[in-house]
Amino acid sequence: MDQTEPFRPLPDAWQGKQRKPTIILISSALLCTTWRYFGRFPFYQQHLAPHLTMLGDPGAVGAVYTFFWSFLLLGLVPALIVKFVFREKLADYGVRLGNWRIALGWLALMAPVWLVAAHLGSTNPHVVQWYPINRSAGQSPAMFGFHALTYLIFYMGYEFHFRGYVQFGLRESVGEMNALLIQVVMTVLIHTGKPLPNEAFGSMFAGMLWGVLNFRARSLLPGLLQHFLLGISLDLFICLR
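Residue numbers (our numbering): -16 to 224.
The reader is advised that the hints may include incorrect statements.
[Claimed, not checked] Heads up, simulated DSBU-like pairs for lysine-lysine below, C-alpha to C-alpha not over 35 Å straight-line: (1) K177 / K3; (2) K72 / K3; (3) K72 / K0; (4) K177 / K66; (5) K0 / K66; (6) K66 / K3.
Since the hints were derived computationally from the structure, they do not count as laboratory data. For clarity, every value in this text was computed on a predicted model and none was experimentally measured.
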């Protein structure tokens, strides 16, 4: 590069091969920050619940609020960017069955690990203060079933954003390993502030594993199935205590 060539970060970032990763990284930062501050239970409880008492149990409604905005901001908005800005197929971002044998095989292999981790987590009083997000989930089997369905919506948005939109979306510009590491860093940061450091460190291991499996399967299914199993089993063990 010519030493005298002027530094033009903004124009260059929006041109050619740099355009797509620039949009992905900027939009991801904006969407994650918006969801973190305005799309989760604490915001609903503090600012909206007092005005929406007619909706019923604020705990259950707040959980659905969290899950809905996760799906919308982390999942749907990036999907629209893929379709209408990049004009690409969602299948290229892992939204397909892919090699489902890899997904099911690794689910069977890792299920005991995640179930043991969930059971151990359910015995920790600090974890119990945080989960389940829907504090009414343990009131009845029907309520827990409703919680599981809405929680799945949360995971669909989460997994598409980090291990689909970011990871699959950046692979061409930075390479598979760097795309994988970028999503791991992002998911670890999302887990900071949780009751135990184990969750942040665990997200590092899980993010690496699920990212690799998603690439191998060419699908989001491996990470989605295992992440949902871990999350919902933790809630189940807590509700059964």
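Hints and how they fare:
no.	hint	verdict
1	K177 / K3	32 Å, holds
2	K72 / K3	14 Å, holds
3	K72 / K0	18 Å, holds
4	K177 / K66	34 Å, holds
5	K0 / K66	17 Å, holds
6	K66 / K3	13 Å, holds
Going down the numbered hints, you'll see the structure goes against none, and every one checks out.
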